[in-house]
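Number of protein chains: 2
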Amino acid sequence: MATVKAQVDESLRRPPKGTRDFYPEEMAARRYIEDVWRRVSIRHGFQEIDGPTFEALDLYKVKSGDEIVSQLFSFIDRGGRDLALRPEFTPTLARMVAARAAGLPRPIKWFSIPRCYRAEQPQKGRLREFMQWNVDFIGEASERSGGDKPAGAGTPARRDWSPAERAELECLAVCVDALREFGLDEKDFRIGWNHRQLLTDVLVGVFVPRERLASAFYLLDRLRKYNQAGREELYRQQGCAARERDYFEFIAQVGDHSFSAWLEQLLNKMGREGAAWRSEAGVTPESIRERGVKLEQHLSQSGLPDPCWFDCSIVRGLAYYTGWVFEITDRQGESRAIAGGGRYDQLIEMFGGPSLPAVGFGMGDVVLEILLRDRARLPRRLLPSPDVFIVNALEDSAPADRLVLELRRSQWDEARAQMVRPGLGVQQSYRGTRNIGKLLQEAAASGAKLAVILAPNEWSRNLVRLKNLADRSEKEVFLADLPAAIHAALAT
Amino acid sequence: MATVKAQVDESLRRPPKGTRDFYPEEMAARRYIEDVWRRVSIRHGFQEIDGPTFEALDLYKVKSGDEIVSQLFSFIDRGGRDLALRPEFTPTLARMVAARAAGLPRPIKWFSIPRCYRAEQPQKGRLREFMQWNVDFIGEASERSGGDKPAGAGTPARRDWSPAERAELECLAVCVDALREFGLDEKDFRIGWNHRQLLTDVLVGVFVPRERLASAFYLLDRLRKYNQAGREELYRQQGCAARERDYFEFIAQVGDHSFSAWLEQLLNKMGREGAAWRSEAGVTPESIRERGVKLEQHLSQSGLPDPCWFDCSIVRGLAYYTGWVFEITDRQGESRAIAGGGRYDQLIEMFGGPSLPAVGFGMGDVVLEILLRDRARLPRRLLPSPDVFIVNALEDSAPADRLVLELRRSQWDEARAQMVRPGLGVQQSYRGTRNIGKLLQEAAASGAKLAVILAPNEWSRNLVRLKNLADRSEKEVFLADLPAAIHAALAT
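Keeping their order, the protein sequence lines are chains R and U. Just so you know, the numbering used here puts 70 at position 70 of the first sequence, and the rest follows in order with no gaps. Just so you know, the numbering used here puts 69 at position 69 of the second sequence, and the rest follows in order with no gaps.
Please keep in mind that the hints were generated in silico from the structure rather than gathered at the bench. Do not rely on the hints blindly, as some may be mistaken.
Copies of the same chain look alike in the list, so a pair counts if it works inside one copy or between any two.
Stated by the list, open to error - Computed cross-link-like contacts, BS3-like style, restricted to lysine-lysine with a CA-CA straight-line distance of at most 30 Å: (1) Lys61 <-> Lys17; (2) Lys61 <-> Lys225; (3) Lys187 <-> Lys294; (4) Lys269 <-> Lys294; (5) Lys63 <-> Lys17; (6) Lys438 <-> Lys475; (7) Lys17 <-> Lys225; (8) Lys124 <-> Lys187; (9) Lys63 <-> Lys124.
Chain R with its partners taken away, still in its complex shape (with noise of 0.2 Å):
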């Protein structure tokens, strides 16, 4: 057969724009943060799913509109439909819910690790492929749905936390249980929290006609990264009036607090202007600081290690959440958002099922990855070690590459259709060499704890030797009892 060199162009050698490539150190710190994601998930009781890499372009319109599609990677199957890579994984899991919610178990606790595409510009922290950890809590039993009862047991609701709270918590503390696995406290990261329904309550009852909510929620949003004259551009853009004007001016000037001090500042600056509230369905500044007050109790006393900061700034998007959202960033340096997510009541009902309250989030693992370099929180060893190598002072590779495939095996019972002994991580050298003392050199950098040693005068004997790499020790050991000992001495 001729050798056919293909002339390849150099466009060819790299990933596409905004892609990345995973060598092993890559994968072995990408399947790192995936693990730890996947086991905090499964210890907090939550289920893994996952959908296609694509779905129906139309799909993504459903919760985001027609603007959505030029963030998308879009293209046509052979049967002319249009298809879309998933930009995110709210829309499959709603659609995977709207499915079968007759049959599924309440509540519905998962989560999944899906890699999301992004048609828009690359930039640091923001990749057009990427990984991201979703985790949703489904269908707890509201209070309108008449208390703690999804399963038809007729005892009372209990008489404290409501369910949503309670599914709310079970969310922030997942998220916060990952990022101390991670090595990162709060001496890293900020919970900062808000309200829609809350924050809609109080910003009408102060300063904001109902019908400007939307131009209010889109100012809070920009507020604080933007200087002096960029918000004075945005008001006037938003065509805000002197008196909105002042109290944006006002928020923007307002430090971190909880949501109690910051309703006061704005009830006190009131007060100054001699300005009413605006009372609205039989909100009172009284009522809203009665829930403000119980959920930031809620969250203070769930035993999550860090304070919980109201951020009036937090609005995650207009339309999806409809009560309480958060957002996890880092706290030093750029403050860029790590995770964040909330309350969606409506979404399932959105995608054609049933009227299921629920909440979630999602956290990437782009930014994720830069913050544990930055922060050196990576464990130094991620590439998997050999539990042992192979020292092979033979003439031939016959007889070591034999034991190598025997180690590695597992042993199968077949009467018992069970594993009775895992099979083992084996190396050897693949350098010509048969000096032991350089091979055993080797063996210490690949990271293996035992070495076992072929030599001609034990090999004749049916011997060979079994090296402990950490104390050095050694001892003979009869082929034939060789898993045995490696088992024995890996248990210790």
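Position chain U against the provided structure of chain R, taking the given hints into account.
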């Protein structure tokens, strides 16, 4: 906020054609399969890699030509670049090796578990989206390049097995070991092998003019899948002369054999006809037999549990493979191909890298999972069980909720910057009931090993009951001692 109920078309309620939703049960099966692939790869000393989900469309033409385009999901990014979802991993692998060939330690032993996409008609065992395990052994020392010393060692090559044979054996062994770990054995699968060069030499020597070799490979690939009438049609299409047709019919009838027995049959037939061996470049029946026997001895001495069958119908495409090839098929029923691969010494060069010998294989999840379900080899319980189930018989939910979060959380030692206690898998009931008997039933159904019972009497004395759900033994434990008591109980 007003409820916006979107009208979701019926077509948006299902995953796109040829793709799958993975609800918890299906996802657990996929994870099980991927975990076995990963675990076995690692213990055989392979390192995991991955690349982008899509590549430049042109990258897929390098190996497969323009015809591949009709089988791809292709699209255009914002910069007008033609991209395609990966139909297989090999082009990405070759690109990644070529890009860093100079800096990578040899041999390169990599595996990957990419999700791949084919725009073809879905059928049983073939979907548009699937997982594929890839294992590749690249850049072992070749005999050409001077024996067994890739790292420049000065000792002579080992005298028995060649570096190429050892690499091939390692690939075959990891493949077989994974199948055995899935609980499959020689009754379930068959290893068939062929050798592109050996086969070429035999065909040319016995009855195929060199210029008709491509046609001969095409026929061999199909012979055993067609009945007599279908084969006659094939011969006509391929323009076979009478003598060629005669030999192909003979080959189609010959059963499974060792290579040397197969060669003997062809030579005998030739002898009966009084025909002469067509000698090319010094190749004689004896030299071929010697090479084939050496190969078979190597396979049979490898310690693999199953005899490897020579199978002349294993062709695996026309370009690409350059030497030894293999295919593992379902031995019962439909003879589905479970895995396949072989030697492809020119691939890295085709992608602009140096000349590097390489051998590898792929195994998909779709056929494998069908097989494991058919044979009832998937473990009965795939969903993870919690370690502990909290039975809350108190009025309030808060104490139990706090205990659940406390037990789930791993304990991080700030000073030593390491985990000192791993978090536990903990669940509790979301039903309203405080009936201990009912809650213990739910605990048992969850698969939990232990239950912690919070009952008013003990709780007032800071005590809980720790119950072993297997032997139903129970003891009182102080709340402060609970984490340690649980860890102790789980360790036994």
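Query raised in the report: Which of the numbered hints above does this structure break?
Result: Nothing - there is no hint that the structure violates, so all of them hold.
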